[in-house]
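**Q** Given these sequences and hints, build the entire structure.
Protein chains in written order, with the working numbering: chain A, 855 to 1043; chain S, 855 to 1043.
It should be emphasised that the hints constitute simulated quantities derived from the structure, not laboratory data. Where a beta carbon is used, it is the ideal one built from N, C-alpha and C, also for glycine. Among the hints, a few may not be true.
For the chain S half of the interface with chain A, some residues (derived, Cβ under 10 Å), not all of them [what the hints assert, rightly or not]:
| no. | residue |
| --- | --- |
| 1 | 924 |
| 2 | 925 |
| 3 | 942 |
| 4 | 945 |
| 5 | 956 |
| 6 | 984 |
There are 2 protein chains.
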Amino acid sequence: MRVLGIDPGLTRCGWGVVDGRPGARPTAVGVGVIRTAAELDLELRLLELHTTVTALLREHRPDVVAIERVFTQNNKSTATGTAQAAGVAALAAAQADRPVAWHTPSEVKAAISGSGRADKEQVTLMVTRVLGLASPPKPADAADALALAVCHAWRGPAQQRLRSAALAGGLGAPVVQRTLPRWQGVSAR
Amino acid sequence: MRVLGIDPGLTRCGWGVVDGRPGARPTAVGVGVIRTAAELDLELRLLELHTTVTALLREHRPDVVAIERVFTQNNKSTATGTAQAAGVAALAAAQADRPVAWHTPSEVKAAISGSGRADKEQVTLMVTRVLGLASPPKPADAADALALAVCHAWRGPAQQRLRSAALAGGLGAPVVQRTLPRWQGVSAR
Chain A
855 MRVLGIDPGL TRCGWGVVDG RPGARPTAVG VGVIRTAAEL DLELRLLELH TTVTALLREH
915 RPDVVAIERV FTQNNKSTAT GTAQAAGVAA LAAAQADRPV AWHTPSEVKA AISGSGRADK
975 EQVTLMVTRV LGLASPPKPA DAADALALAV CHAWRGPAQQ RLRSAALAGG LGAPVVQRTL
1035 PRWQGVSAR
Chain S
855 MRVLGIDPGL TRCGWGVVDG RPGARPTAVG VGVIRTAAEL DLELRLLELH TTVTALLREH
915 RPDVVAIERV FTQNNKSTAT GTAQAAGVAA LAAAQADRPV AWHTPSEVKA AISGSGRADK
975 EQVTLMVTRV LGLASPPKPA DAADALALAV CHAWRGPAQQ RLRSAALAGG LGAPVVQRTL
1035 PRWQGVSAR
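**A** Given below as structure tokens:
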């Protein structure tokens, strides 16, 4: 499975492409940062971002696009721009007929480092190790995008199976949780 | 000047097209609401919104698109979706080579009703009166979009002149404010 990870932002938007599957060592295919000039009008910054993400989708043909889920309560001053950048990236994926998966920062940190509270240095260190890179990806946004892609390659298929099972059975998933012992329930990872 | 006003949202996105200029009675050209289903994946909702705004731009050929400026501190639970909807609408404008103007809710309320604290009913009432409509536009999102378009038709050109003057003279605008009595200053109105 090929995953395009996107750490959304207007000033710096990290991207990273990874080939991987659960339980296997993933491979880095590409990594970079999209920058748009703060002097540009907002709609032109969004246009640049959309054009570049569309070009990345065409070049790397990922099976899925993983985007960091934005929480507006964190860092209010830039939250709106970050949400808009994420929305435009998701739109580009939909236009290319690719599904979008959203992961929270703590999910990504937990997947790559074992701790949902890992700091940026720890995430960069683990991304470098897990992908066997010669040097750490810079800036941190690029490393975060790779971590997001690795997180989805490892965890995404299981999430997708749970989701498909829940959709197939209508309200099946909650029933399963009530009739099976907790450790057999579908909510157990 | 023809203005397409957009009150952004995922569940209901209001739009309204108005012809107008400062000091004149504006005319309503079209109004409506774009709805996307909450069951759809986010990226598909954004795709529907983008497609519809693009079609509106093609149909009505506005000179400018006025979008409500979103503040993330208000109504946190839906703020991310609203910001993403606004971003996708701004992207559609940029792709159609139309400029985007952002107005805050209080600017719009002050322009249409004389008070930045007007409630929804008051805004709807004044939109109906100012545009000479036979009945109030519904839902409120549609009325808000028309109010936004009227606000820009009345205030936008002055903002644009200020902006051009400021850009042409570097720090010119503040100098004018310092050398003229306050009531002659460019900050009036």
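**Q** All hints, please: hold or fail.
**A** Structure-based check of all given hints:
1. Look at residue 924 of chain S: its Cβ gets to within about 6 Å of chain A, closer than 10 Å, so that hint holds up.
2. At its closest, the beta carbon of residue 925 of chain S sits 8 Å from a beta carbon of chain A; the interface hint therefore holds under the 10 Å criterion.
3. Using the Cβ-Cβ criterion of 10 Å, the hint placing residue 942 of chain S at the interface with chain A is satisfied: the shortest such distance is roughly 6 Å.
4. Hint status for residue 945 of chain S relative to chain A: holds, with the closest Cβ pair at about 5 Å, below 10 Å.
5. For residue 956 of chain S, the interface hint holds, since its Cβ comes within 10 Å of a Cβ in chain A; the closest pair sits about 8 Å apart.
6. Hint on residue 984 of chain S is violated. Least Cβ distance to chain A is approximately 27 Å, over the 10 Å limit.
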